[in-house]
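Asker: Given the structure of chain A, go ahead and fit chain Y onto it with the hints provided.
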Amino acid sequence: MEQLKSNHNEQSHQHDHARRDDLQWTQYITSLAANKLAPPKSQTLKVLEQQLALLNEEILAGDSRVRNRVGESPVGSPIEQKNNAVGAESERGQSSAASGLAVSLNDVLPVNNDNGPLSSASLLGLTTATSIESSRFSENKSGAPAATALRQLQSELHQGGRWIEVLWQFISAHQKRVLDLERLGVEPSERIDIQVDMIRHIAASYEKLGLLTRLPDSLSEARECKMVDDIRTMALVYVARRMMDVASPSEIADAEDNQNQKKKQMIDFPRSVVSPYEGIQPIDFDPLELIKAA
Amino acid sequence: MLEVINRYDEVFQIEMDGWCFGITNYPGEVSAQVVHRIIRELASSFQAAIEHNVVFDVLELSTKFSSAARSLIHEQEIAFGIVAQLPNPSTLTEDQQCVLGMVLDKVEQKYPGSLDTFYRRWQIGVREAA
Numbered sequence: 001m002e003q004l005k006s007n008h009n010e011q012s013h014q015h016d017h018a019r020r021d022d023l024q025w026t027q028y029i030t031s032l033a034a035n036k037l038a039p040p041k042s043q044t045l046k047v048l049e050q051q052l053a054l055l056n057e058e059i060l061a062g063d064s065r066v067r068n069r070v071g072e073s074p075v076g077s078p079i080e081q082k083n084n085a086v087g088a089e090s091e092r093g094q095s096s097a098a099s100g101l102a103v104s105l106n107d108v109l110p111v112n113n114d115n116g117p118l119s120s121a122s123l124l125g126l127t128t129a130t131s132i133e134s135s136r137f138s139e140n141k142s143g144a145p146a147a148t149a150l151r152q153l154q155s156e157l158h159q160g161g162r163w164i165e166v167l168w169q170f171i172s173a174h175q176k177r178v179l180d181l182e183r184l185g186v187e188p189s190e191r192i193d194i195q196v197d198m199i200r201h202i203a204a205s206y207e208k209l210g211l212l213t214r215l216p217d218s219l220s221e222a223r224e225c226k227m228v229d230d231i232r233t234m235a236l237v238y239v240a241r242r243m244m245d246v247a248s249p250s251e252i253a254d255a256e257d258n259q260n261q262k263k264k265q266m267i268d269f270p271r272s273v274v275s276p277y278e279g280i281q282p283i284d285f286d287p288l289e290l291i292k293a294a
Numbered sequence: 001m002l003e004v005i006n007r008y009d010e011v012f013q014i015e016m017d018g019w020c021f022g023i024t025n026y027p028g029e030v031s032a033q034v035v036h037r038i039i040r041e042l043a044s045s046f047q048a049a050i051e052h053n054v055v056f057d058v059l060e061l062s063t064k065f066s067s068a069a070r071s072l073i074h075e076q077e078i079a080f081g082i083v084a085q086l087p088n089p090s091t092l093t094e095d096q097q098c099v100l101g102m103v104l105d106k107v108e109q110k111y112p113g114s115l116d117t118f119y120r121r122w123q124i125g126v127r128e129a130a
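Which chain is which? The protein sequence lines are A and Y, in order.
Residue numbers for the first sequence follow my numbering, beginning at 1 and rising by one.
Residue numbers for the second sequence follow my numbering, beginning at 1 and rising by one.
So that you can see chain Y by itself, here it is in the shape it has in the complex:
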């Protein structure tokens, strides 16, 4: 098991709790687009978490976001949204790829086939970059 760098897991946890708190307590109606926009904004946090060896639970996170948004969006949609924001494995080091693999493993167990989808997507990204 890789050691978490700089206790970033706590930072990550509080950041996610903060966003969930914001969504829950937002005085207006939160639309699905807004939640997706927030998830897109969190791309850098997900990347930082992986770079700091934090194996976060995408499913737990998606459940949390879904309940914060008053179940307006299905957990699976949020989970796939989060996975879509994860960095391309080709840009990561070996350790980070291992962390990413562990993160994705839980998603794959619950939603079989999701890994293939994103793998194809990353392949396209690599080809486009080349």
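Bound-form chain A, shown alone:
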């Protein structure tokens, strides 16, 4: 009896915990969408994060349309080939994929419109994209061969195949933050389909916006900037250490000695006292910790 009670308590505790997590996660996503968190360096990334947040809100809300989006994957990207291999159940009808995309293009419209000129352009582009998609799929519904529409879509996606991989990497990196399909009870095979599908939709919308070609550059640029910042931090540490090595505070403070008077003459940092600049002394510290601390 007591064991049953304790089991029940444990289950309710876990449930509460999961619920609290869900609440925190929802709040996080909401604030992310409202740009309350640290904004990403690139405007493109910002828009991308907004779209991801919106898509995840949909998943959280258990919107069945998200699941309906999973359709046949175009051949081209290795990820999508993987998707084909994994998702036997992902073989859905062409019309469901098409209608899924139409829904997604409507749904990924950024809510926040205070992002400056790019955002306005994005909105305009997305609206245009949506209308193109709508017209294409309405034609599809009215009897035009679905295969043509899908082939066109596939060729578009194939062009953006490389960028889809980049986006995949981006989303994988943020997976824990923005995706928690497991908790929603989505099957693993279906999960990867949804993720690939999300990436495909975002890529498609970016392609329509004409931003897609710029996206990888902006991503790699941000990464390079971060690396250069880290290296600069280490360079500054090196300079600081050299400064400490070359002149102790007592030597600098010794104002009576004329020799020292010359030595403590400042340039950008104290003058060396004993052969300061011959060879580089090894400095014992862990750069990884330094970067983490920075």
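Hints listed in this document are in silico derivations from the structure and should not be mistaken for laboratory results.
Warning: the hint list may mix true and false statements.
To give an idea of the chain A side of the interface with chain Y (calculated C-beta under 10 Å), a few residues [claimed, not checked]:
#1 Glu224
#2 Cys225
#3 Ile231
#4 Arg232
#5 Thr233
#6 Met234
#7 Leu236
#8 Tyr238
#9 Leu288
A short, non-exhaustive set of chain A residues, derived as facing chain Y with CB atoms under 8 Å [claimed, not checked]:
#10 Met227
#11 Val228
#12 Asp230
#13 Ala293
This structure is a prediction, so every number in the text was calculated from the model and none was measured.
Ideal Cβ positions, reconstructed from N, Cα and C, are used throughout, including at glycine.
Answerer: Same frame as chain A, but now just chain Y:
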């Protein structure tokens, strides 16, 4: 020989050592693009060095950067990258032009024809500015 202003040669030396130290000890893999980005960032330091009459050795510096980047980039590529960041002679005073000439002389000796390349480039820069 022009006198170095404010012992800037030491500042320059330590700054370059610092960057090399950073590249060497960076925990991840340093790509060629990152090294080139760093060299682009150093443009102001090169200009300051010339303005302070520091005749620095581009070849030595490029060797240092190349070994810091685990020989990922050839010294010549780095040397040309550095020279590309040097200020346009038309923006310098006579003394500074002399310093720049001495800096470039070593590069020209090792890689003949490099001076012509950059001279043409600077000419284009002057024409564009006009």
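Asker: Are the hints correct? Go through all of them and say.
Answerer: Against the structure, the hints:
Against a cut-off of 10 Å between C-beta atoms, the interface hint on glutamate 224/A holds, since the closest Cβ of chain Y lies about 6 Å away. The beta carbon of cysteine 225/A comes within 8 Å of a beta carbon in chain Y, closer than 10 Å, and the hint placing it at the interface holds. Because the closest C-beta pair between isoleucine 231/A and chain Y is about 4 Å apart, less than 10 Å, the hint holds. The beta carbon of arginine 232/A comes within 7 Å of a beta carbon in chain Y, closer than 10 Å, and the hint placing it at the interface holds.
Interface restraint check: threonine 233/A against chain Y, minimum CB-CB distance 8 Å, threshold 10 Å, status holds. For methionine 234/A, the interface hint holds, the least distance from its beta-carbon to any beta-carbon of chain Y being 4 Å, beneath 10 Å. For leucine 236/A, the suggested interface contact is upheld, since its CB lies about 7 Å from the closest CB of chain Y, less than 10 Å. About 4 Å separates the beta-carbon of tyrosine 238/A from the nearest beta-carbon of chain Y, less than 10 Å, and the hint is met.
Because the beta carbon of leucine 288/A sits about 5 Å from the nearest beta carbon in chain Y, less than 10 Å, this interface hint is met. Taken as an interface hint, methionine 227/A checks out: its beta carbon lies about 5 Å from the nearest beta carbon of chain Y, inside 8 Å. With 8 Å as the threshold, the beta carbon of valine 228/A comes within range of chain Y, its nearest partner Cβ sitting at about 5 Å, so the hint holds. Residue-level restraint check for aspartate 230/A holds (minimum Cβ-Cβ distance to chain Y is 6 Å; threshold 8 Å).
With its C-beta approaching chain Y no nearer than about 13 Å, alanine 293/A sits outside the 8 Å limit, and its interface hint is violated.
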